[in-house]
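A.B. asks: Since the structure of chain D is already known, use the hints to place chain V on it.
Note that the protein sequences, when read in sequence, are chains D and V. Be aware that the first sequence starts at 1, since it is given in this note's numbering, and climbs by one per residue. Be aware that the second sequence starts at 1, since it is given in this note's numbering, and climbs by one per residue.
Keep in mind that the hints were calculated from the coordinates and are not lab data. No residue lacks a Cβ here, since even glycine has one placed at the ideal position from N, Cα and C. Hints should not be assumed to be uniformly reliable.
[Said to hold, decoys possible] Taking beta-carbon pairs under 8 Å as the criterion, some of the chain D residues facing chain V (in silico):
| no. | residue |
| --- | --- |
| 1 | Pro17 |
| 2 | Glu94 |
| 3 | His95 |
| 4 | Phe97 |
| 5 | Leu112 |
| 6 | Ser157 |
[Said to hold, decoys possible] The calculated lysine-lysine pairs, modelled on BS3-like cross-linking and capped at a C-alpha distance of 27 Å, are:
| no. | chain 1 | residue 1 | chain 2 | residue 2 |
| --- | --- | --- | --- | --- |
| 7 | V | Lys199 | D | Lys75 |
| 8 | D | Lys162 | V | Lys199 |
| 9 | D | Lys118 | V | Lys199 |
| 10 | V | Lys199 | D | Lys83 |
| 11 | D | Lys194 | D | Lys118 |
| 12 | D | Lys189 | D | Lys118 |
| 13 | D | Lys75 | D | Lys118 |
| 14 | D | Lys7 | D | Lys226 |
| 15 | D | Lys63 | D | Lys83 |
| 16 | D | Lys230 | D | Lys281 |
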Amino acid sequence: MFIGTEKLTHTYMPGTPFANEALKEVTFDLSQGEFALIIGPSGSGKSTLIQHLNGLLKPSSGKVYFEGNTVGSNKAELFNLRKRVGLVFQMPEEHFFSETVYDEIAFAPRNLGFEESKVQVRVTEALEEVGLETRTLLNRHPFQLSSGQKRLVALASVLSLKPEVLILDEPTAGLDSSGRRNLYSLLTKLNRSKRLTVLICTHHLDEAAALADTVIVLQHGRLILKGAAKEIFSRREQLYQLGLGLPAVTEIMHGLSEGGMKVRTDIFDLEGARQEINKLKGRHVK
Amino acid sequence: MSRSITLGQYFPGQSLVHQLNPRMKLISLLFVLALLFSLRSYSGLVALFFIALFLIAKTRVPFRYFLRGLRPVLFIAIFALVIYFFFTSGGIVLLRVGFITVESEGVREGIFIILRLVTLVLFSLLLTLTTTPLSLTYGLSYFLKPLRYIGLPTDEVAMIMAIALRFIPTLMEESQRLMRAQVSRGADFESGSIFRRAKSLVPLIVPLFVSAFRRADELALAMEARGYRIGAIRTRMHEDTFFPRDWVVLAVALVMLAASLTLGL
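Isolated chain D, as found in the complex (with noise of 0.2 Å):
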């Protein structure tokens, strides 16, 4: 009951004839320091969703809570809530407006009303937890970074609101292969040193899938899947029946499988898959 919703509904202007229903009686909850996926096909109210955790949107029905308590309206329970639940929008890069990489993340601590040698701090953990090189960057215009570089400093700049919750809306839009790996890789680290619970949508399952703890599927407003990573990924014909399939990696494995190969199809990363396929070719040399 750490953070979640209960029977959430969401309809988009209701009343209208475009009146949309984007969430129907969603209910789930995460524990902290876990380490979640939502994922389901474009439109499936996946990124709805991910705004009422952070009071973006207000229910049409159903409620959302966190740390037990139930979310209000309220403008202070929500500046309270958006404080430690930090959301990170897709593309965030494009959000930037400040003419230094200092002041983009410094937007949010300041947001918080801390005096400016608190923010200079906050600025600094916020890099580093990233991994960015510090002094030479913050002077630079933020569109002047790569992209990779930009999509750490738009993290930075949610993460310097010290969040207990991150959430991410498909994280790796855009990056190259290099850059999705090193996110993961970062997301990871904060998630295990930090105990930071971190929720993701996304439909690239490839990095994300080993990592997760559990997998929530929605599909067209409704939740129909939430359990352990390897429960949820067992469910090969299902998934692609949503038009999700699995990771690449858990993919070959089950070609493997069928092809007549003793491989295990739990698989979700490639170290995982190359332990088993060199079992499979020690078996083979002996």
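C.D. replies: Relative to the frame of chain D, chain V by itself:
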């Protein structure tokens, strides 16, 4: 994720009014507006008012959308009513408070003016509520065509208007997304002095500009890649067609106007 189609006032529907040719609707509206101002008799105006109500019922657009459209003229209506009630003399004295008198002629004319205003707005709403902004734009651009002979690039102007309309919802969605993104970083757009609030818009306006320019750039490139050239003759995917019903509507509007002008109704 395209769910913000509240562009303009268009209310989707399948009614006869919806399906009329947009060019014809524009012209007919013009005639009806002329008619409204040429009408001098109460009976004519009331008849026209009921024609508007009949057409509104036909569209199956909920009446509250029309009421919402009338709201902006409410103030003008009340203002006009007061002026006419108190400052037009003639007829029987209906009310006398101190040196202010309300006379029957003033009431008659005040109500006439307001009925005319309301009918005018209702007919305009009939057009804008049942016609997509895009077909309105193309309809308008058709009538601008003669201006090409004095060197105005009318097709290009129409294209600019169509693109602008097309991107209004996109930009709205974008600004909403931006607002949420900045709010989730603790921004506050609602409280503080005017100066403070204006300053708080910077995190909204800068990225909006950046993305608008980037979009414009990409769109121009994409259009050129698909063969768009200034001054080239273009055809349209959906050519609008005239049906007998379009001519009937136009004829009715024209006959009403002619009758009013010649008979002095």
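A.B. asks: So which of those numbered hints doesn't the model satisfy?
C.D. replies: none
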